[in-house]
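Listed here are the chains, written in short residue letters.
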Amino acid sequence: MQDLSNADCIVIQGSNMAECHPVAYQWVTEARLKGARVIHIDPRFTRTSATADKHIPIRAGSDVVLLGALIKYILDHELYFKEYVVAYTNAATMVSEEYRDTEDLDGLFSGYDDAKGSYSQQTWAYASSDGEDDETPGTIGGPAAGHEHGEAKSARAAGDEHGSGGPALEHARVLRDETLQDPNTVFQILKRHYARYTPEMVADTCGISVDDFEYLARSVTENSGRERTTAFVYAVGWTQHTLGAQFIRTAAIVQLLLGNMGRPGGGIMALRGHASIQGSTDIPTLYNILPGYLAMPVAGLHDTWDEYLAAIGNKEQKGFWANADTYAVSLLKAWWGKAATAENDWCFDYVPKLTGAHGTYQTTMAMLDDQVEGYFLLGQNPAVGSAHGRMQRQAMSHLKWLVVRDFNMIESATFWKDGPEIASGELVTEDIQTEVFFLPAAAHTEKSGSFTQTQRMLQWHHQAVQPPGDCQSELQFFYELGRRVRELLADSTDERDRPLLDLTWDYPTDEHGDPDAEAVLAEINGRHLTGDQAGRPLSAYTEMKADGSTDGGCWIYTGVYAGSVNHAADRKPGREQDLTALDWGWAWPANRRILYNRASADPEGNPWSERKRYVWWDAEQGKWTGHDVPDFVPDKAPSYRPEPGTGGPAGLAGDDPFVMQADGKGWLFAPKGMLDGPLPTHYEPQESPVQNPLYTQQSNPARKVFPRKDNLWSPSGDSPGADVYPYVFTTYRLTEHHTAGGMSRWLPYLSELQPEFFCEVSPELAAERGLENGGWATIVSARAAIEARVMVTERMTPLTVTGRTIHQVGLPYHWGVGTNAVVSGDAANDLLGVALDPNVQIQESKAGSCDIVPGRRPAGEELLRLVAEYQSRAGSTVMTSNELRTGHPESTPDTREG
Amino acid sequence: MDPKKTFLSWPVVRQVRSGDFLGRGPSVTSAHTRELAPRTATADKVVQSVCPYCAVGCGQRVFVKDGRVVQIEGDPDSPVSRGRLCPKGSASEQLVNNPGRQRKALYRRPGGTDWEPIELSTAVEMVAQRFVESRRRTWQDRDEHGRPLRRTMGIASLGGATLDNEENYLIKKLFTAAGAIQIENQARI
Numbered sequence: 001m002q003d004l005s006n007a008d009c010i011v012i013q014g015s016n017m018a019e020c021h022p023v024a025y026q027w028v029t030e031a032r033l034k035g036a037r038v039i040h041i042d043p044r045f046t047r048t049s050a051t052a053d054k055h056i057p058i059r060a061g062s063d064v065v066l067l068g069a070l071i072k073y074i075l076d077h078e079l080y081f082k083e084y085v086v087a088y089t090n091a092a093t094m095v096s097e098e099y100r101d102t103e104d105l106d107g108l109f110s111g112y113d114d115a116k117g118s119y120s121q122q123t124w125a126y127a128s129s130d131g132e133d134d135e136t137p138g139t140i141g142g143p144a145a146g147h148e149h150g151e152a153k154s155a156r157a158a159g160d161e162h163g164s165g166g167p168a169l170e171h172a173r174v175l176r177d178e179t180l181q182d183p184n185t186v187f188q189i190l191k192r193h194y195a196r197y198t199p200e201m202v203a204d205t206c207g208i209s210v211d212d213f214e215y216l217a218r219s220v221t222e223n224s225g226r227e228r229t230t231a232f233v234y235a236v237g238w239t240q241h242t243l244g245a246q247f248i249r250t251a252a253i254v255q256l257l258l259g260n261m262g263r264p265g266g267g268i269m270a271l272r273g274h275a276s277i278q279g280s281t282d283i284p285t286l287y288n289i290l291p292g293y294l295a296m297p298v299a300g301l302h303d304t305w306d307e308y309l310a311a312i313g314n315k316e317q318k319g320f321w322a323n324a325d326t327y328a329v330s331l332l333k334a335w336w337g338k339a340a341t342a343e344n345d346w347c348f349d350y351v352p353k354l355t356g357a358h359g360t361y362q363t364t365m366a367m368l369d370d371q372v373e374g375y376f377l378l379g380q381n382p383a384v385g386s387a388h389g390r391m392q393r394q395a396m397s398h399l400k401w402l403v404v405r406d407f408n409m410i411e412s413a414t415f416w417k418d419g420p421e422i423a424s425g426e427l428v429t430e431d432i433q434t435e436v437f438f439l440p441a442a443a444h445t446e447k448s449g450s451f452t453q454t455q456r457m458l459q460w461h462h463q464a465v466q467p468p469g470d471c472q473s474e475l476q477f478f479y480e481l482g483r484r485v486r487e488l489l490a491d492s493t494d495e496r497d498r499p500l501l502d503l504t505w506d507y508p509t510d511e512h513g514d515p516d517a518e519a520v521l522a523e524i525n526g527r528h529l530t531g532d533q534a535g536r537p538l539s540a541y542t543e544m545k546a547d548g549s550t551d552g553g554c555w556i557y558t559g560v561y562a563g564s565v566n567h568a569a570d571r572k573p574g575r576e577q578d579l580t581a582l583d584w585g586w587a588w589p590a591n592r593r594i595l596y597n598r599a600s601a602d603p604e605g606n607p608w609s610e611r612k613r614y615v616w617w618d619a620e621q622g623k624w625t626g627h628d629v630p631d632f633v634p635d636k637a638p639s640y641r642p643e644p645g646t647g648g649p650a651g652l653a654g655d656d657p658f659v660m661q662a663d664g665k666g667w668l669f670a671p672k673g674m675l676d677g678p679l680p681t682h683y684e685p686q687e688s689p690v691q692n693p694l695y696t697q698q699s700n701p702a703r704k705v706f707p708r709k710d711n712l713w714s715p716s717g718d719s720p721g722a723d724v725y726p727y728v729f730t731t732y733r734l735t736e737h738h739t740a741g742g743m744s745r746w747l748p749y750l751s752e753l754q755p756e757f758f759c760e761v762s763p764e765l766a767a768e769r770g771l772e773n774g775g776w777a778t779i780v781s782a783r784a785a786i787e788a789r790v791m792v793t794e795r796m797t798p799l800t801v802t803g804r805t806i807h808q809v810g811l812p813y814h815w816g817v818g819t820n821a822v823v824s825g826d827a828a829n830d831l832l833g834v835a836l837d838p839n840v841q842i843q844e845s846k847a848g849s850c851d852i853v854p855g856r857r858p859a860g861e862e863l864l865r866l867v868a869e870y871q872s873r874a875g876s877t878v879m880t881s882n883e884l885r886t887g888h889p890e891s892t893p894d895t896r897e898g
Numbered sequence: 001m002d003p004k005k006t007f008l009s010w011p012v013v014r015q016v017r018s019g020d021f022l023g024r025g026p027s028v029t030s031a032h033t034r035e036l037a038p039r040t041a042t043a044d045k046v047v048q049s050v051c052p053y054c055a056v057g058c059g060q061r062v063f064v065k066d067g068r069v070v071q072i073e074g075d076p077d078s079p080v081s082r083g084r085l086c087p088k089g090s091a092s093e094q095l096v097n098n099p100g101r102q103r104k105a106l107y108r109r110p111g112g113t114d115w116e117p118i119e120l121s122t123a124v125e126m127v128a129q130r131f132v133e134s135r136r137r138t139w140q141d142r143d144e145h146g147r148p149l150r151r152t153m154g155i156a157s158l159g160g161a162t163l164d165n166e167e168n169y170l171i172k173k174l175f176t177a178a179g180a181i182q183i184e185n186q187a188r189i
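Listed in order, the protein sequences are those of chains H and G. Taken in order, the first sequence gives residues 1 to 898; the numbers are from the working numbering. Taken in order, the second sequence gives residues 1 to 189; the numbers are from the working numbering.
Please note that a few of the clues may not be correct.
To be verified - Computed list of chain G residues with no C-beta within reach of chain H, every gap over 12 Å: (1) Thr6; (2) Leu8; (3) Trp10; (4) Val12; (5) Arg17; (6) Ser18; (7) Gly19; (8) Leu22; (9) Thr29; (10) Ala31; (11) Arg61; (12) Trp139; (13) Leu149; (14) Thr176.
What the hints assert, rightly or not - Covered stretches of chain G, as calculated for chain H (at least 3 residues, CB under 8 Å): (15) 45-56; (16) 95-105; (17) 116-125; (18) 154-168.
Stated by the list, open to error - Some chain H residues near chain G, calculated using beta-carbon distances under 10 Å: (19) Thr281; (20) Pro284; (21) Ser386; (22) Lys400; (23) Arg405; (24) Ala423; (25) Ser424; (26) Leu427; (27) Asp431; (28) Gln433; (29) Ala441.
Calculated directly from the structure, the hints in this document are not laboratory data. All residues carry an ideal CB built from backbone N, CA and C; glycine is no exception.
Given the sequences, and given the hints that come with them, work out the whole structure.
Structure, rendered in structure tokens:
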């Protein structure tokens with residue numbers, strides 16, 4: 001975070017950093033005070049814009065066009081960092097001759113399957129230098145992964161597995177042309193792919209003038225190179241789209257071309273929104289991964305331990321993922337202890353198997369089908385915070401039992417008596433058979449534990465007081481739940497209960513029955529199990545073994561408890577340290593603050609410039625040194641060259657800085673891993689008033705759609721009925737509230753500061769629709785209608801896109817309908833439908849289509865009639881906007897009727 | 001005459017002596033005001049903590065008196081936040097002490113129109129029983145091709161981004177061992 005102050009230019013896009021991460025914004029201010037240029041690209045003018053050098057308004061969802069044009073500008077003007085690009089990226093690597101680009105196939109990459117609505121990635125592979133031992137020359141992928149279709153990968157949100165490095169490759173014997181001239185090099189493919197992403201295309205698609213684009217392009221390129229670095233900053237304005245992962249990929253290509261990765265003041269900063277949302281991804285409460293980004297096994301792909309091992313990390317690939325077997329065995333040993341042996345494949349059979357996507361939205365739909373009996377809500381309020389609030393609340397009314405653990409009586413706990421569907425008559429309290437347990441939760445001051453903040457840093461918070469009343473930590477609740485469940489099953493002889501009964505589940509507790517969080521942290525860190533070190537904590541994940549002699553619950557966290565010291569609690573004051581502050585908290589991996597920081601030195605190991613000196617090779621001492629923990633094998637000389645065919649960390653050359661990538665290079669072109677294309681390409685949102693100006697293909701052909709009666713969409717582009725929902729809406733946060741309000745709308749201070757739901761509209765839109773500042777407006781989407789106070793403000797800019805004016809409506813999403821909070825109001829997320837990014841299964845909530853009219857919404861049945869009348873006028877059916885491949889109805893998945 | 005009131009306590013003398021020439025400062029403060037001290041000064045202990053809202057991870061100092069949190073302020077030692085907190089972080093004392101916070105377990109029976117009080121331990125035991133029963137009823141041993149599944153699709157969970165790493169670890173560990181796979185949190189949203 002502090003490193004942002006080293007930047008010479010900062011582009012904030014898809015984030016309102018000054019209001020949503022205000023304390024971190026001080027580092028942007030520091031950079032600006034030192035002369036850095038700050039540019040804010042966002043549909044709305046906000047406090048971030050007000051304190052930036054320039055605000056560039058953009059049409060929500062068009063970011064790939066803007067960033068793609070930046071790539072073209074860099075290539076056309078030869079402004080890329082040549083030595084960096086040739087040595088450290090895969091620009092020179094050759095791609096299979098079978099690869100076909102979206103430019104060749106009118107918006108599709110090669111390998112698209114209409115029947116599956118997804119890609120086979122085989123033709124995107126690197127060209128191989130030796131075809132002899134490969135079944136299919138040019139293909140890559142582990143024995144299991146090689147045959148896995150994009151559809152299956154999407155179902156397990158395989159994109160999420162790359163939270164700590166790239167996907168597995170079978171080997172790294174690639175062909176390279178370091179002159180970058182061969183037409184099959186990544187570099188030449190990149191040039192062709194972005195050839196039509198011109199400043200004029202930006203003007204026409206994003207609503208950004210040619211002058212503003214030139215300003216951005218000049219700012220970024222003039223502030224990159226040996227002497228200068230540019231940083232990008234984003235938040236959910238980039239992730240919550242049907243091609244969200246590709247937004248970030250586009251920025252990654254820009255930053256690799258400009259040589260800004262792994263260097264001070266460079267990189268791409270993800271601003272995450274919850275205290276431990278990074279931690280809950282690393283140690284996932286997510287369906288598709290195990291701790292440390294190890295995949296959850298999938299039936300049919302990973303039925304056996306050997307199949308699983310081959311898929312998670314191949315011994316022949318380069319880098320540290322080749323040792324994935326040691327991470328997986330250590331995890332299984334941590335969970336099943338003595339029961340996990342080499343003979344039983346470390347209890348691999350105990351891990352349940354996936355058969356498709358089991359994400360939160362699929363689970364919601366399964367509830368509607370009465371397939372889910374019980375649901376735990378742990379500090380989360382889906383009735384307000386998840387997309388399609390109506391679907392969320394309806395789904396919960398189908399449960400047999402619901403456990404809500406929170407501080408306050410959130411709307412998800414009371415939907416059965418005061419939710420909007422009770423008011424509309426769609427649900428009747430007495431008919432809802434859901435049993436609800438409300439169990440009060442302990443606050444951060446009432447328990448000890450670690451949060452992992454947005455830059456991968458674990459920080460311990462110490463217990464200050466005892467929780468009041470019945471309030472309990474999750475640690476205590478789940479320890480207790482596990483204890484009681486095991487007691488209930490204690491006499492079971494059923495084989496299915498063995499994983500629970502064999503589970504290591506004995507943690508020391510205090511006199512109140514609360515488990516010792518530090519003991520859990522020690523298990524996460526891992527231990528030596530045998531030899532003279534037995535019982536001692538591991539100090540690095542490189543000590544993990546695949547023979548059962550170590551355990552460890554999350555390999556990337558190994559080292560946080562090195563030497564039996566809780567390093568998450570390290571608290572040397574910042575003013576007594578340099579900016580990197582290695583003695584405050586502990587960042588994974590290995591307490592490293594900037595990832596891939598070997599790239600801050602040139603191939604010979606010298607800093608690219610004095611000004612940007614960070615990590616370098618000390619030839620005298622024969623080791624890497626610098627201001628951070630070097631992200632490299634500590635004593636591997638820059639001149640080191642492995643024997644061809646060497647796998648694992650030893651396979652990395654002394655100038656391969658991207659040590660978690662299977663070929664050691666930064667990927668401009670992703671031969672594997674991205675399920676919707678090896679290069680980002682522009683598609684319109686699931687519903688959009690604009691026709692895709694680049695291709696016939698309107699929206700991401702690999703996105704996940706759910707054609708159901710309760711999940712209708714506006715017609716898009718030039719389709720009849722699109723004018724019924726003529727405006728774009730986008731949702732956002734305010735400084736004074738937190739997500740769905742569970743931690744803010746119950747606080748009088750914060751509720752007084754932001755008491756009421758409102759919508760932001762431009763004076764032009766207000767005039768067009770007769771909206772009055774301070775008055776009421778009703779906003780209608782193809783799913784719902786809500787009401788909000790109107791704020792008429794020049795902060796919203798009407799944009800000219802393809803010759804017509806596009807108005808955008810801004811909606812903060814913190815309020816919900818209920819009777820317990822200090823402040824309540826309609827929920828913006830009720831307007832949203834469910835359509836997902838295929839890589840990570842995240843919903844598109846940052847761009848939708850709506851209408852806005854003056855006055856309050858009707859209540860009761862009249863409200864339902866209003867929504868239905870709009871749907872009918874637009875002609876929305878379950879097929880509307882749900883064609884995956886434009887013009888090919890057969891590509892629409894056959895899902896259940898809602 | 002009050003023996004404490006001497007010549008030196010005459011207003012004009014007080015003003016001159018304290019340098020408070022306009023008579024709007026220390027020379028006119030009441031005894032009550034003089035006795036006031038910030039809650040931070042009288043706290044029994046100060047505990048280092050981390051802000052529970054967004055993911056910047058600002059340092060907090062939690063001031064405790066008589067077993068109760070009396071104030072939460074930014075931690076100037078933190079190299080990330082350097083003592084600053086935003087409006088939410090600054091309000092976190094109210095997050096933990098707010099009178100509207102739920103402190104008791106509650107139960108709503110099927111078809112019920114209101115909450116009923118319940119003993120915490122009873123509630124946890126009921127949840128454990130339902131967990132075991134739902135798991136048994138919805139168990140899937142193998143798929144249609146006979147491949148192992150070993151799971152239940154009858155139990156789901158949402159939440160974790162506001163919780164500690166150690167808590168997420170126990171949640172994932174217990175649910176995975178039980179065969180429950182629909183375990184999700186805000187990171188997907």
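Hint by hint, here is what the structure shows:
Taking the minimum C-beta to C-beta distance to chain H, about 45 Å, the non-interface status of Thr6(G) holds against the 12 Å cut. Interface exclusion of Leu8(G) from chain H stands, the closest Cβ pair being 43 Å apart, more than 12 Å. Separation of Trp10(G) from chain H is adequate, the least Cβ-Cβ distance of about 43 Å exceeding the 12 Å criterion. For Val12(G), the non-interface assignment is confirmed: its Cβ lies about 42 Å from the closest Cβ of chain H, beyond the 12 Å cut-off.
Every beta carbon of chain H lies more than 12 Å from that of Arg17(G), the smallest distance being close to 38 Å; the non-interface claim holds. Every CB of chain H lies more than 12 Å from the CB of Ser18(G), the least distance being 35 Å, so the non-interface label holds. Chain H leaves Gly19(G) outside its interface by the beta-carbon criterion, the shortest separation being 33 Å against a cut-off of 12 Å. Residue-level check passed: Leu22(G) sits 34 Å from the nearest beta carbon of chain H, beyond 12 Å.
Every Cβ of chain H is farther than 12 Å from the Cβ of Thr29(G); the closest lies at roughly 28 Å, confirming the non-interface assignment. Every beta carbon of chain H lies more than 12 Å from that of Ala31(G), the smallest distance being close to 30 Å; the non-interface claim holds. At roughly 10 Å from the closest C-beta of chain H, the C-beta of Arg61(G) falls inside 12 Å, breaking its exclusion from the interface. The beta carbon of Trp139(G) is not kept farther than 12 Å from every beta carbon of chain H, the shortest such distance being approximately 6 Å.
The Cβ of Leu149(G) sits about 5 Å from the closest Cβ of chain H, inside the 12 Å cut-off, so the non-interface label is violated. With 12 Å as the threshold on Cβ separation, the claim that Thr176(G) sits away from chain H is violated: the shortest Cβ distance comes to roughly 6 Å. Requiring three or more residues with a Cβ within less than 8 Å of a Cβ of chain H, the coverage given for the segment 45-56 of chain G holds, as 11 such residues are present. Judged by the Cβ-Cβ criterion of 8 Å, the segment 95-105 of chain G is covered by chain H as claimed, because 9 of its residues qualify and three suffice.
For the segment 116-125 of chain G, the stated coverage by chain H holds: 5 residues have a C-beta nearer than 8 Å to a C-beta of that chain, and at least 3 were required. Residues of the segment 154-168 of chain G with a Cβ under 8 Å from some Cβ of chain H number 15, which satisfies the need for three, so the listed coverage holds. Below 10 Å, beta-carbon pairs count as interface contacts, and Thr281(H) has one with chain G at about 5 Å; its hint therefore holds. A distance limit of 10 Å between C-beta atoms decides the matter here; for Pro284(H) the minimum to chain G is near 6 Å, and the interface restraint holds.
Annotation: interface hint on Ser386(H) holds; nearest CB of chain G at approximately 6 Å, less than 10 Å. Hint status for Lys400(H): holds, given a least beta-carbon distance of 7 Å to chain G, under 10 Å. A cut of 10 Å between beta carbons decides the hint on Arg405(H): the least distance to chain G is about 8 Å, and the hint holds. Because the closest C-beta pair between Ala423(H) and chain G is about 15 Å apart, greater than 10 Å, the hint is violated.
Contact between Ser424(H) and chain G, as hinted, is not supported at the beta carbon level, the nearest pair being about 18 Å apart and thus beyond 10 Å. Because the smallest distance between the Cβ of Leu427(H) and any Cβ of chain G comes to about 12 Å, over 10 Å, the interface hint for this residue is violated. A distance limit of 10 Å between C-beta atoms decides the matter here; for Asp431(H) the minimum to chain G is near 7 Å, and the interface restraint holds. Below 10 Å, beta-carbon pairs count as interface contacts, and Gln433(H) has one with chain G at about 4 Å; its hint therefore holds.
The beta carbon of Ala441(H) comes within 9 Å of a beta carbon in chain G, closer than 10 Å, and the hint placing it at the interface holds.
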